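Student: The listed protein sequences correspond, in order, to chains Z and D.
Note that the UniProt record's numbering numbers the first sequence so that position 17 is 17, with each residue one more than the last.
Note that the UniProt record's numbering numbers the second sequence so that position 90 is 90, with each residue one more than the last.
Think of the hints as simulated: they come from the structure by calculation, not from any bench.
Keep in mind the model is a prediction, meaning the values are calculated, not measured.
Just so it is clear, CB atoms sit at the ideal spot from N, CA and C, and this is done for glycine as well.
It is possible that some hints are incorrect.
[Unchecked claim] Straight-line Cα separation of at most 25 angstroms, DSS-like style, residue types lysine-lysine; simulated pairs:
id, chain 1, residue 1, chain 2, residue 2
1, Z, 223, Z, 189
2, Z, 62, D, 106
3, D, 62, D, 45
4, D, 62, D, 106
5, Z, 45, Z, 62
6, D, 62, Z, 106
[To be verified] Chain Z regions said to be covered by chain D (calculated; three or more residues, Cβ under 8 angstroms):
id, segment
7, 53 to 60
8, 81 to 95
There are 2 protein chains.
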Amino acid sequence: MPNRSVFFVSDGTGITAETFGNSILAQFPALPRHVRRPFIETPDKAREVLAEINQVADTEGKRPIVFITLVDDAVRQIITGPDCRGMVLDILQAFVVPLEAEFGVKSNHRVGRFSDAAKSSEYNERIEAINFSLAHDDGQSARNLASADVILLGVSRSGKTPTSLYLAMQHGIKAANYPLIPEDFERHKLPTPLAPYLSKCFGLTIDPERLSQIRNERRPGSKYAALENCRYEVREAEAMMRRSGVSWLSSTHKSIEEIATTILRDIRPDRLIY
Amino acid sequence: MPNRSVFFVSDGTGITAETFGNSILAQFPALPRHVRRPFIETPDKAREVLAEINQVADTEGKRPIVFITLVDDAVRQIITGPDCRGMVLDILQAFVVPLEAEFGVKSNHRVGRFSDAAKSSEYNERIEAINFSLAHDDGQSARNLASADVILLGVSRSGKTPTSLYLAMQHGIKAANYPLIPEDFERHKLPTPLAPYLSKCFGLTIDPERLSQIRNERRPGSKYAALENCRYEVREAEAMMRRSGVSWLSSTHKSIEEIATTILRDIRPDRLIY
Numbered sequence: 001m002p003n004r005s006v007f008f009v010s011d012g013t014g015i016t017a018e019t020f021g022n023s024i025l026a027q028f029p030a031l032p033r034h035v036r037r038p039f040i041e042t043p044d045k046a047r048e049v050l051a052e053i054n055q056v057a058d059t060e061g062k063r064p065i066v067f068i069t070l071v072d073d074a075v076r077q078i079i080t081g082p083d084c085r086g087m088v089l090d091i092l093q094a095f096v097v098p099l100e101a102e103f104g105v106k107s108n109h110r111v112g113r114f115s116d117a118a119k120s121s122e123y124n125e126r127i128e129a130i131n132f133s134l135a136h137d138d139g140q141s142a143r144n145l146a147s148a149d150v151i152l153l154g155v156s157r158s159g160k161t162p163t164s165l166y167l168a169m170q171h172g173i174k175a176a177n178y179p180l181i182p183e184d185f186e187r188h189k190l191p192t193p194l195a196p197y198l199s200k201c202f203g204l205t206i207d208p209e210r211l212s213q214i215r216n217e218r219r220p221g222s223k224y225a226a227l228e229n230c231r232y233e234v235r236e237a238e239a240m241m242r243r244s245g246v247s248w249l250s251s252t253h254k255s256i257e258e259i260a261t262t263i264l265r266d267i268r269p270d271r272l273i274y
Numbered sequence: 001m002p003n004r005s006v007f008f009v010s011d012g013t014g015i016t017a018e019t020f021g022n023s024i025l026a027q028f029p030a031l032p033r034h035v036r037r038p039f040i041e042t043p044d045k046a047r048e049v050l051a052e053i054n055q056v057a058d059t060e061g062k063r064p065i066v067f068i069t070l071v072d073d074a075v076r077q078i079i080t081g082p083d084c085r086g087m088v089l090d091i092l093q094a095f096v097v098p099l100e101a102e103f104g105v106k107s108n109h110r111v112g113r114f115s116d117a118a119k120s121s122e123y124n125e126r127i128e129a130i131n132f133s134l135a136h137d138d139g140q141s142a143r144n145l146a147s148a149d150v151i152l153l154g155v156s157r158s159g160k161t162p163t164s165l166y167l168a169m170q171h172g173i174k175a176a177n178y179p180l181i182p183e184d185f186e187r188h189k190l191p192t193p194l195a196p197y198l199s200k201c202f203g204l205t206i207d208p209e210r211l212s213q214i215r216n217e218r219r220p221g222s223k224y225a226a227l228e229n230c231r232y233e234v235r236e237a238e239a240m241m242r243r244s245g246v247s248w249l250s251s252t253h254k255s256i257e258e259i260a261t262t263i264l265r266d267i268r269p270d271r272l273i274y
């Protein structure tokens, strides 16, 4: 698909259009050029985008793919009408109409779930969760661990911080994270503050080779980064988690999204409607 | 829609199914019960989910809505077949088939874009961006501001931290953030370290009433949280950004997603293919 552009046109942020469009496009080889056009909420703005789509169609000699999430009929019809020389994939309409029939109600043509979200209690919980996760990053504070939904454990640089921030941002989950350090391995015990909360602990481990590589980027040539030391820490951490009955997974070949999804599936925090 | 359950069934994390499904459901009143079933990648697992869907259909007396992203034909056909008593919305198939015709190639039925992502350079850039944003939170470090893609400015608690983490996590953008503090207002000048980077600065402001409310939750009754002080800081910060030609918006009624989308649209960082 060389010379093929993809438009994401939305009356909101376009996040739905882009997330969805990307997962469709991942089914095909090659990476097309992305053109994002968020906040298209008036006919005038829609006509500007239409002109742009048609110009790209002429320049590239192939019709651009256009993923749209446009709720307002007047705005949508400008892009979906006969003047448009793109291939329009209307990801709302394809499913909203059958659901109206199923539910026996008309859809309310609401624009932008993210905007309404800004005032909701759910949104405020997300912001609170982000602040909580930042304050409880890397064992900074053992205070309020009782109010954590999840506590991530693992050796330094095993992926705890990005995962806990993702859990907070995406799911409003209060995720503390707690490092396992050489002192813990000498004592052969999980850190004492965690003892009351084992049921909400989840461990991350990582291949020692990969760990050594990551640590070497930070502190080249240090004992901390040495492969031998990484092997020791990972082996001890895994043994400790196994003895304590803490679930864990290896982050080596997994993305943050996959790690977070697995944790939620296994821990099933009370606050998440699962 | 009381007593109506919605399933999100995916062979990956289910993030696409859920993001998309939620934006569809937001067009209708009431909030249905969510059932997430990620990592359904074998026929056996699919049959378990099928049994669950049918049981819910019987219990609730209404067919559940089932959003699926299942790439493997054998797995998908178990859920989409005649035995399923849910209303299945197959969000990949509806668009993949027309695109195969358009591109003139078969789709590669690839499972899980997030999994492949874990090894890509794009993914590593995201992780690096998260680390950068954490290290440059709240003006902690003026080092490496040259390598920031975006620098967020604003008074304390105007929404800089969640926004910069979101930019990093979602878009791999290195977003530093820098607080505007009373000393800056007395000097009537933006902090000196920012001077070389005005073109990548973006300001966040906030209604003083809302700011006072947020700050009072942290430090009740303090001068920091007093409405009069919040009015002063916001007025000075806005005047300073206006004088320096820095773009800004009010975070008061906007979600993180909307703020981030606006920033990317206006700043257009080099690293983002826009």
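Student: So, against the hints stated earlier in the document, which numbers end up violated here?
Tutor: The structure conflicts with hints 4 and 7, although it agrees with all the remaining ones.
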